[in-house]
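2 protein chains.
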Amino acid sequence: MTKLKYIKSENLEDIARGAAFLGAGGGGYPLIGRLLAKQAIEEFGPPKVIQVDDLDDDANIFSSAMLGAPSIMLEKAAGGDDIAYAVEILEKRLGCRADAILPMEMGGINSMVPIVAAARLGLPIIDADGMGRAFPELDMVTFTIGGISATPMALTNEHLDSIIIETKTSKKAEQFARVVTTEMGAASCISCYPMKGRQVKEYAVKETLSLAMGIGQSIQQGREGMNPVDSLLAYLRSTPYYNQCKVLFDGKVTDLKREISHGWSVGHCFLEAIEGDQPHMEIMFQNEYLVARQDGKIRAIVPDLICTVDRETGEPIPAEQIRYGQRIKVIGTSAAPIMRSPEALKIFGPRLFGIDADFTPIEELD
Amino acid sequence: MTKLKYIKSENLEDIARGAAFLGAGGGGYPLIGRLLAKQAIEEFGPPKVIQVDDLDDDANIFSSAMLGAPSIMLEKAAGGDDIAYAVEILEKRLGCRADAILPMEMGGINSMVPIVAAARLGLPIIDADGMGRAFPELDMVTFTIGGISATPMALTNEHLDSIIIETKTSKKAEQFARVVTTEMGAASCISCYPMKGRQVKEYAVKETLSLAMGIGQSIQQGREGMNPVDSLLAYLRSTPYYNQCKVLFDGKVTDLKREISHGWSVGHCFLEAIEGDQPHMEIMFQNEYLVARQDGKIRAIVPDLICTVDRETGEPIPAEQIRYGQRIKVIGTSAAPIMRSPEALKIFGPRLFGIDADFTPIEELD
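Here the protein sequences line up with chains U and V, keeping their order. Residue numbering for the first sequence follows the working numbering, beginning at 144 and increasing consecutively. Residue numbering for the second sequence follows the working numbering, beginning at 144 and increasing consecutively.
Read the hints as simulated data drawn from the structure, not as lab findings. Any given hint could be a false lead.
No copy labels: a pair is met if it fits in one copy or bridges any two.
Claimed, not checked - Here are the simulated DSS-like pairs of lysine-lysine, each with C-alpha atoms no more than 27 Å apart in a straight line: (1) Lys395 / Lys148; (2) Lys314 / Lys344; (3) Lys146 / Lys191; (4) Lys235 / Lys344; (5) Lys181 / Lys191; (6) Lys314 / Lys235; (7) Lys148 / Lys315; (8) Lys315 / Lys235; (9) Lys181 / Lys146; (10) Lys489 / Lys389; (11) Lys191 / Lys148; (12) Lys151 / Lys440.
All values derive from a computational prediction rather than experimental measurement.
Generate the whole structure from the sequences, applying the supplied hints.
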């Protein structure tokens, strides 16, 4: 696989498309983030990409992300100074400068936000994140496995108001961050999980920026050659994490139940097969797809990835953009090994989402 | 008037009773605060009381208060370490120690909270506050007249979680503080309006701790002598701020409309005269009493104080403890001159509470 050395403007489309896929239905469509990242790179230069193993053990690593409803993030269209400001507020609180920026999730808009922060602050960005996908809650990261606290956490808005949260548990920090974000108009910029280089080495999911780019490229290359979905699957099989992958279903959307609950987009999507006489598929989501069932039988389940793409172009389609009658392919892939560990399943396993089933790796499900 | 030199356990009952009167219907009944203050004084010794004019111009002054629903504050019964912790968090943020603690309001429970902070932190408490009464919103203080920002503001809870808020306007800080307080279970401890001694000298309402004690004493002395309400009125007439005072009504509660709206207790109280054939009185409140009307005519209006006391014992009765059939006297008094200035009326004049009337001093109303 190709590892990124700098993030240049011409990489953004591929990374954004790959991250839309890794968003596993959530994370928001990274268009606005891509524009902000493009603008930041043009103004401040392309940020250097640093591999986890090259980090100094004592380096100060700060994350960067946006929190809230993706559709609102789009509307508010932060200028980017609020994204960098969250990192600066956290630096001020901790009395040290960040040595590098770490993405929290590699799904959707939050693949782009740390690029904006890194470019604007003149810092390198780490080729890694805390899940190699997207998740709906702040504490659902591999860092939590290592007992790393989400706080102190800084939140900012486009008026450059700021909030610093310090709590005993990351779950509680998530709750405060959510009410503050709602008061900020349903979107905020955050920097949290301040940690040392050695902690990133132990707990981060590595190379995920490069992997997002590879995924985006494989879809694009498939359009120019054989077939976007085949090209995507071939690439996924070559990766260290997503190699257990398959098309779970090829169908059209026949029913969609979706509601906003506690700020999440929660619901079910039903699909009927386009060819043949196979049972229909039902996918449950809370921002991200959580479990795909066929005839009541689980085909893939969180934290493994369930992703939807256009059946012709391979374009990733987030759950919030799924429409009745749409023809899509549902792709399931394995998650990174650390994401499937017993400790990880206590943080973001199926039961944490109210699903009455244990995690089973996708390669063990027919 | 007698000026406090130390706050001793034996002063607390008088101060608390006086502050319940100055709460003007709001601020909560200071019982639990009094117990916390008693405990803190017994454990850490009586805090020294410092007069505003004796402050060093460059002294660092931090306020201390609780925010939220008084009934919840009672239920949660903070241990007191969270009260002091809010000040400590703000000290840490600003990189300086507090030289003295300043009460924000002299109404209800928030007369006691800064005593707890001062005792536990071994700091003097200033004989002053930001209004000489109680008000429902954080930005409704004389400090706002001087353009002093409410932020950085620290909030803490009984788990010692902490939040630091920094905003462009104190109004916005109030909004964030309110949602965070709700998430904390409807009560929080705060420290905000960090300022210098010279700013306290210019904008604080002076000697209000001593005045609260004097008011409490006068009611108690009246019970042992002539009449509690007459004794109270005689004392008020001797004070620098509350000297324009009168019994606005002597009646019984015939109707009460009260609802919780945005965390405030909002409503109307109707009174019928006990003797004679005079028109009934209607008092509107938002935590605190805002306007008292008789036959549609305004008898007293915010920021002047409208207070209710038991007609026999003179005991101050907060609006939330008013009951149908209760026999009370409604007392109106002037507010401190700075509270009646044009600049002040832009912050907490009648129109800021949605009342379609201008402020008229109580001495100009029949």
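Enumerated hints in conflict with the structure, sorted upward: Hints 1, 7 and 12 not satisfied by this model.
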